[in-house]
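Undergrad: One-letter residues, chain by chain:
There are 2 protein chains.
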Amino acid sequence: MNSKKHLENLFELLRIPSISAQSDHQKDMVKAAAWIHKKLTSLGLKSNILSTKGHPVVYAELMANSKWPTILVYGHYDVQDHGNPGEWSSNPFEPEIRNGNIYGRGVADDKGQLYTWIAALSDLRASRFKLRTNIKFLIEGEEEIGSRNLEEFVDKNKSLLASDICLVSDSDCISENDPVITYGLRGIIYFEISIKTLPKDVHSGTYGGNVLNPIEVLSNLLSGLKNNERKILIPNFYKNLRKIPIQEKRRLNHYPFGEREIKKETGAKVVVGEKGYTIQERAGARPALDINGIWGGYQGEGAKTIIPQKAQAKFSMRIVPLQNPKDIIKNTKNYFLKNTPKGAEFHLKVLAADSAVLVNTTNKYFGLAEKAYKKVFGKKPHYHLHGATIPVGGMLKRALNIDTVYMGYGLPDDGLHGPNEKFSLGMFEKGIQTNSEFLKSL
Amino acid sequence: MNSKKHLENLFELLRIPSISAQSDHQKDMVKAAAWIHKKLTSLGLKSNILSTKGHPVVYAELMANSKWPTILVYGHYDVQDHGNPGEWSSNPFEPEIRNGNIYGRGVADDKGQLYTWIAALSDLRASRFKLRTNIKFLIEGEEEIGSRNLEEFVDKNKSLLASDICLVSDSDCISENDPVITYGLRGIIYFEISIKTLPKDVHSGTYGGNVLNPIEVLSNLLSGLKNNERKILIPNFYKNLRKIPIQEKRRLNHYPFGEREIKKETGAKVVVGEKGYTIQERAGARPALDINGIWGGYQGEGAKTIIPQKAQAKFSMRIVPLQNPKDIIKNTKNYFLKNTPKGAEFHLKVLAADSAVLVNTTNKYFGLAEKAYKKVFGKKPHYHLHGATIPVGGMLKRALNIDTVYMGYGLPDDGLHGPNEKFSLGMFEKGIQTNSEFLKSL
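Quick note, the sequences are listed as chains B and G, same order.
So for the first sequence, the numbering used here puts the first residue at 1; every next one is plus one.
So for the second sequence, the numbering used here puts the first residue at 1; every next one is plus one.
These are calculated hints, taken from the structure and not from any lab test.
Note that beta-carbon positions come from the ideal geometry of N, C-alpha and C, so glycine has one too.
Treat each hint with caution, since some may be false.
[Claimed, not checked] In silico DSS-like links for lysine-lysine, alpha-carbon gap of 30 angstroms or less:
1. B/Lys231 - G/Lys310
2. G/Lys364 - G/Lys263
3. G/Lys226 - B/Lys310
[What the hints assert, rightly or not] Over 10 angstroms on every C-beta distance to chain B, these chain G residues come out as not near it, computed from the model:
4. Lys4
5. Lys27
6. Ser42
7. Asn99
8. Leu124
9. Ser219
10. Ile244
11. Asp290
12. Ile307
13. Pro325
14. Tyr383
Can you build the whole structure from these sequences, using the hints too?
TA: Below, the structure is given as structure tokens:
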């Protein structure tokens, strides 16, 4: 194991601002894909950069013996927008170590976690360990924008991707001493809504009281998406939800992600949600809806007395197993059709649509992952239903009928998607070791 | 009359981007005030630039005979923000004449209209007409930000400003052939509201369903400001409204500002407003509430899956005679206190607060203004209650007990506060002539 070298390598990757959502980072996306390709090639894998309709996929393989099992390691080289640099203590794209953590955009989500597999493989090869498995890598550049071209890629490359199990390191443990295997993730549908009532901004004194205000219309529409009990009011939204078995429910409710943890991690003063469910159920087993951004009219200094022409918002739903994205998109459109007042035009855009994932925990690779965790952490991992989304799992299940084991090494306070994202040095090392143990056990 | 010279002068003033709301235009404000000062000095007035807590006031006077009446001409040299330059057909600060109109920010509101008084005085002096009136000019730089330091200025300078009547050219006629005298204007209260639920943005997958979303809270609060009948739900909002005499109501409802005009001027597809009132009543005699701007969370390209920390909006009310801004501010604060959920913090800022104005139409100067209009336009002017706000009238009534005659020369499609603001060349000339006739009649 060569920690210093691994860190140097990871820092190179973190310096590339591969923000998939923003077209002015196109060159950085290509640069990050090339970096991954070069690294996997250097480890002796046959690697290729494969184009999609969006950002490219890096696919690499080490096919040694057709009798051995084949594992598929998934990760993503793209990152979220860094937001306001003023909220960061260091440059988001110049990684820095402080208090046992690496700080930088994408270090936990997912560059550092993805790198635990590259490092594990590198260490095993350095120690001349004789692996008894074939390995494939599928590293995409669009996870943060809903993996929007991955499904087509998977469907077109079924034989290339054929394998026995998929491994993903893109989720969290509870703490450095409490490991977790995620067996389910919520899906996501991400919308952008635009409301237009006028062809231009007009004077709010002359016309105030007679003209439809698009921000008012948008506020009413967004406000109408939930009732007082925080139930989502899109028609048929809760149809077809999976009934959670009593034993699973009990395990779910024992997971240490309650009021205390949420308040500590987020700084929220209250923890509130859908009536009738526990915090743990709401976190992973129940759907949620959030407004992610809103804008319209005058946002500058001081007063501008206009009725603006237009207002826009981004909102997204986290959906759970058996909820069908297509139905929900149709019903959401119907909600706006029915509730947008006459004289206002709405335009609804779907930016991402991915189903939830639920994995069979009796799969033998789960057992092997569990043992690897136990060896490194000294403890059996918790089984967890995660509230976030990693679209690949559902796609692989549908196209290749394989399960996914989510061996995540993040920590709850890593600050994914926000400022000062970090990844613990200790978890980076434990991740590399756990992945090594898993690979050795195959 | 020297139209070419007047236009050249006006263009100089229009080229100064005197946007009072934005602190980076501080120098332009000083420049515009200096320009007015120089111009009034050149006409033989004793002019001074007087400082306030905000942008300076230009005060000038021509006191010839203490037995003559004294008129006070009010105007403002500040303009609204120009918004997106891409929505303008020409540079907002490089005036241009197209199809008989002058285009440029502030040309109708109020630089061009204000200039009709300067031009009228200049013409009368050039023709050696012997005026029988004293003239004072009060030209401020904060009308577009609610004249926030004018009240204090007026209170401190009562004897300086003492006069018999105030004249303001900052309102509209119906058309080039239908003149209007405005006898009342709505007041304004302009708020900025900020809702904070978190100290930082957090991941909407991990925490979605358990954490208060500030955009959702803000949407609910804004949505709750009105009911389905578009009544404003701030407690006691409609208390103390003036009862409009039946004859005035009849005149109001004959004013040609109905569905057809509003649709034509704004491009709106529907005209809607408070239940139980006509369009004309809603335009000037009933209060209104509009959201002027909103922002929060991710507004960039593509998807960002965050629950943002904060959401903000600007909203304003147009208030009518007898509504008290102080009470409404208190009750608005109470609305947010009562309805903001636990765990969310709100911060409410008041950016402007001005009462409505209602003027005594039996005043003799109204009669003189009416005659001047009739002479130039060949028609008696309509009497109009305007929906917009010019704070000075109420301040002068309270401090000096004088009325204001609003002799406006704008047209309904001038596009105030929006892109491509214009002022008709014909109305510019008629304005100069009408003001000249008024001055000659004193």
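Undergrad: Indicate, hint by hint, whether the structure satisfies it.
TA: Hint by hint, here is what the structure shows:
no., hint, verdict
1, B/Lys231 - G/Lys310, "holds (22 angstroms)"
2, G/Lys364 - G/Lys263, "violated (36 angstroms)"
3, G/Lys226 - B/Lys310, "holds (19 angstroms)"
4, Lys4, "holds (31 angstroms)"
5, Lys27, "holds (16 angstroms)"
6, Ser42, "holds (32 angstroms)"
7, Asn99, "holds (18 angstroms)"
8, Leu124, "holds (32 angstroms)"
9, Ser219, "violated (4 angstroms)"
10, Ile244, "holds (15 angstroms)"
11, Asp290, "violated (5 angstroms)"
12, Ile307, "violated (5 angstroms)"
13, Pro325, "holds (14 angstroms)"
14, Tyr383, "holds (17 angstroms)"
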